[in-house]
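Chemist: So the chains spell out like this:
There are 2 protein chains.
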Amino acid sequence: MTAIAAINRNEDGIKTACGVLAQRFGDRLVTGRSVREQHGHTTTWIANQPPDAVISPRGTEEVAMIVSICAEHATPVIPFGTGTSLEGQVNAPGGGVCIDFSEMNRVLEINEDDLDCIVEPGVTRKALNAELRDTGLFFPIDPGADASLGGMASTRASGTNAVRYGTMKDNVLALEAVMPDGQVASTGKRARKSSAGYDLTRLLIGAEGTLGVITKLTLKLQGIPESIASASCCFPSVKDACGAVISTAQYGLPVARIELLDQLTVRAVNAFSKLDLPETPLLLLEFHGSEDSVAEQSREFGGIAESYGGERFIWTANSEERNRLWQARHDAYWATRQLRPGASIFVTDICVPISRLAECVRVAQERASRDELLAPIVGHAGDGNFHMSLLVDENDVRELGRAKEFVGWLNELAISMDGTCTGEHGVGQGKMAYLERELGAATRYMASIKSAIDPLNIMNPGKILPA
Amino acid sequence: MTAIAAINRNEDGIKTACGVLAQRFGDRLVTGRSVREQHGHTTTWIANQPPDAVISPRGTEEVAMIVSICAEHATPVIPFGTGTSLEGQVNAPGGGVCIDFSEMNRVLEINEDDLDCIVEPGVTRKALNAELRDTGLFFPIDPGADASLGGMASTRASGTNAVRYGTMKDNVLALEAVMPDGQVASTGKRARKSSAGYDLTRLLIGAEGTLGVITKLTLKLQGIPESIASASCCFPSVKDACGAVISTAQYGLPVARIELLDQLTVRAVNAFSKLDLPETPLLLLEFHGSEDSVAEQSREFGGIAESYGGERFIWTANSEERNRLWQARHDAYWATRQLRPGASIFVTDICVPISRLAECVRVAQERASRDELLAPIVGHAGDGNFHMSLLVDENDVRELGRAKEFVGWLNELAISMDGTCTGEHGVGQGKMAYLERELGAATRYMASIKSAIDPLNIMNPGKILPA
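Going down the list, the sequences are from chains A and B.
Under my numbering, the first residue of the first sequence carries the number 1110, and numbering increases by one thereafter.
Under my numbering, the first residue of the second sequence carries the number 1110, and numbering increases by one thereafter.
In case anyone wonders, no lab produced these hints; they're calculated from the structure.
Ideal Cβ positions, reconstructed from N, Cα and C, are used throughout, including at glycine.
Some hints here could point you the wrong way.
Unchecked claim - Quick list of in silico lysine-lysine cross-link-like pairs, DSS-like style, CA-CA up to 27 Å:
1) A:LYS1329 / B:LYS1348
2) A:LYS1348 / A:LYS1235
3) A:LYS1348 / B:LYS1235
4) B:LYS1329 / A:LYS1329
5) B:LYS1235 / B:LYS1329
As the list claims (entries may be wrong) - Here are a few chain B residues that sit away from chain A, every Cβ distance over 10 Å (derived from the structure):
6) GLU1221
7) ASN1379
8) TRP1443
9) ARG1476
10) GLU1503
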C-alpha cells in the first residue's frame, strides 16, 4: 500500500453534516470502521482512505438531500458503485460522506422499439443483461468486473469489445445528475442524436463524480447477434500480431473483440489452466453477426493472420468450444497472479495509436526485463490499449522503487507516442500527476469548469485535478 | 427575413481591435460591405447580421493573435467555415471580427495504419475525401452540404449515414482550439480511446464556437466498403415505413443510410425529376460491406419491408443503378422548392425516439394541413430525425404568423415526445428560445461553463445561450 497525500479536512463541517444526516437518515448513516474501509479504495497499491460515513440512498430525492446537506457544510461527497475502480476513485482523502448506490439498482424502463433503457446507477452490467435477456437486446460494454453502470460512466469505462461498440461515452444517451448545489439536472432526452447545446452528458462521463453525482442513465442497447464466432491464432512476435490487427482494421472487418496476450501471459495460462498453447503472442477474437457473416469474417481474419505468420488458427461458432478458446483470456488475471503468489499488482493502462502498439509493447518488455520486473501483458489490441501488470514484492524496497519508476516511465512513453496514460481506468488519484504532462494547457480549462460547477470543491475532491 | 434581436455592441472596443488588426494584417482585414454580408447568415429566414471585419488566418498562431487582440478589446469573434449553417450560427448580432477558415484548408497528416487524419478546420468533407481516395479510407459524415469540418464539429453535424457511423461527436478523436484567452489547447492525443480527465473534445463539439475556435481536428477514418448496395421500397403509410425501420434496427441490420420521404416529397420529386414513383411514403436505404454481406442485408431488409406492406422493393449494388435509385433523395431539396417557386423555406430539425416517429410525423402532417401550410418531409428515419420544410410566402403576414407558430409547436411536440428540437443543425440563434424548455436546469450549468471559459463573452456571443 502506498499512501496518497491527504487533502485538508473540514473537520467542523463534516461533523455537522454527519450530525444532520444522522437526524434525517437514522441508522441508515453508517459510521462503523469496517464498512467505511470497504468503501475506500481496496483494489490496488493505493492506500485505503475511508470516508467518515456511508449512506445508501433509495432515489434521486434522497441523493439531492444528501448533497444539499453536504454543500451547506462544505463536506466532501464520494459516489460509490461496486468499488472496482483501479485508480483510487472511491477514496476519501479529505474525508466526507460516501454515497453507496447499491440500493438504487432498479431498471426503470426498457424501450425495446427504441433500443434503449433507463437505469439507476447501482445496476451492474450483468444485472442489466440478465434483465434484458428476454428482449433480444443487450448492453455491450464489458470492462471485466461486474461494475455498476454509474461507475462505468463515471470512469468512461470500456473493455474488450470497445473496438466494435465503443466506450461508455458512445453508449449513454443521457444522464440525470445531482449537481454540487443539490439541484437535479437532466442532460438530454431519448432522441438518438441531438445538437442541443453543450454536451453535458459527455462532460459527466469520465468526470469521476467530480462535477455531479449520476442518479439515472439512459443507455443505448444492441440486438443480441444471431451468431457469435470466436477465433484464436498464435504469432511469431508481438509485431506480427499487431500487423494482423492493423490489417483487420483497415480491411474493415467489424471484429467485436480482438485481444492480445503476450508470451508471459500465455505461459502463465498454460500453467494455471493446464493448456498447451505455444508460448508465443496470442490473439483472441470474437465476431458478431449472422451465421454467414461470422463465418465469412472468421475466414477473412484467418487469411490476414496467415500473411503475418499466424499459426494454429482456429475458429468456431459453437458456444462450448468458444468458451474453451477464450479460456486463456478469462483465466489471465488469476493465472498471472500465480506467476508470483502474494505479490502486489501494479496495473497500468496505456493506450497508443495502433501503428505504435508493437513498438510500445517491445520497448516496455525490454525495459521490464532489464529492470528485473515480472510484467505480463493483456491488451485490447484493436484500440491500442494494453495492461502491463507488474507483480511486485512491496517489502523489497528497491524492487518497489524500480516498479514505481517503471510505471511513470511507461505513462510518459505512451504520451510520447501520441497516446494516453489511461485508456479506460480513469485518472482518480493514481494518474493525477500525468494529466498535465499529457494534456498541458487543456487541464487549465478543466480546472475552470470544475471551479465553476463545484465552487466549494465538495464533489469527490482530490481526484483528476489537484485540490 | 426575420430579425433576431441584436446584442449590445462594444463600439469602442471593436473599433480599436479592428485598428490593431489592420496594422498587423494590412489589407487581409476586409471590411467591404458585400464581403461582410456574405459572412453573415445567408441560408434561411433569419436576417443577415454582418460582422465588422473579416480575416482569413493562415495558421493557429494567427488565430491566437486575432483572438488575443479581440480579447484585449472585448470584441466578439465569430468563426466561419462555409456559411452553410441553418440557425444563424455565423451572424454577428453584436458585431465583431469574423475568422474565415478558407485559407486554413490543409490536410496535415493521414495515418493509414491508424485510420485517422489531422486537418485544418477549413477543409471541407468532399475535399478530405478527394485527398483520401488513394488510401482506401474515407470520412463518413455527410450532412448534405459540402461543409467545412470545423463547422461540422462546431454544430455537431451528422446527416444521412449517422445511423451507421454516428455524428461528429463520434468521429473526432481530438481537437486543437484557441481558447477565449488566446491560449492554444489540445484536447487529446491520437489514441482511439482515453479516460484522461474531462472530455473537452466533446465539449467543444456542438459548442458552435462559443467556448473557443477550433484550429485542428484529429478525425477517425473508415475503410471504403468493398461493396455498396442501395434499396428502395414504397409503403402504404408512414406508420408502416417506420415499423420497417424499427424492425431493421432491432434485427441489428447495420444499415448505412435509411431515409424517409413523405408523399408530398415523392410527388415533388416525380414532377421535378420525371419519375413515376407511387405517391406513397418511400424508404431509401444503403448497405456497406462485402459483396455477400450487402446482398444478404438487402434481402433481409426486403423480407422485413414485405411484412409491413412494402411494395416495389428494389435493390442493386451497381453504381449507376444505385444513383438512379437515390435520385429522388438527391433531388428532394430542389424538387420541393419547385412545389412553390419563390417561397421562403423554414427548415425544422426535430428528432424523437424512433418508436414515436410515425406518430410525430402524422400529427405534424395533420396540423400542417389544418394550417394550410405546404410542408414536405425528408427524414433520417433510422435516427428518428426529420426535416419538415415549410414553404412560406413571407409577404403574407397571416401565413408567416401561422408558419412561425407551427415551428414553435413542432419543437414543443418533439420535446413532449422525449425528443429534441435540434437533431443536427444546432441551436444558434434560431433555437435559443427552446433550449431551456428542452433541458431545463441543465442550461444553468451550460451558462456556468460559458462564463468560466469565456468571462468576457467574446466567443460567438448571442448563440446557444442568452448573452
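Chemist: Look at each hint and say if it fits the structure.
Modeler: Verification of the hints:
1. A:LYS1329 / B:LYS1348: Holds - the C-alpha atoms of LYS1348 (chain B) and LYS1329 (chain A) are around 23 Å apart, at most 27 Å.
2. A:LYS1348 / A:LYS1235: Violated: LYS1348 (chain A) and LYS1235 (chain A) sit about 35 Å apart, past 27 Å.
3. A:LYS1348 / B:LYS1235: Roughly 35 Å between the alpha carbons, so the hint for LYS1348 (chain A) and LYS1235 (chain B) is violated.
4. B:LYS1329 / A:LYS1329: holds (21 Å)
5. B:LYS1235 / B:LYS1329: Given pair LYS1235 (chain B), LYS1329 (chain B) holds - Cα atoms ~15 Å apart, limit 27 Å.
6. GLU1221: Given that some Cβ of chain A is not farther than 10 Å from that of GLU1221 (chain B), nearest at about 7 Å, it is violated.
7. ASN1379: The claim holds: ASN1379 (chain B) sits with its nearest Cβ about 30 Å from chain A, beyond 10 Å.
8. TRP1443: holds (25 Å)
9. ARG1476: The claim stands: ARG1476 (chain B) keeps its Cβ more than 10 Å from every Cβ of chain A (closest is about 20 Å).
10. GLU1503: holds (26 Å)
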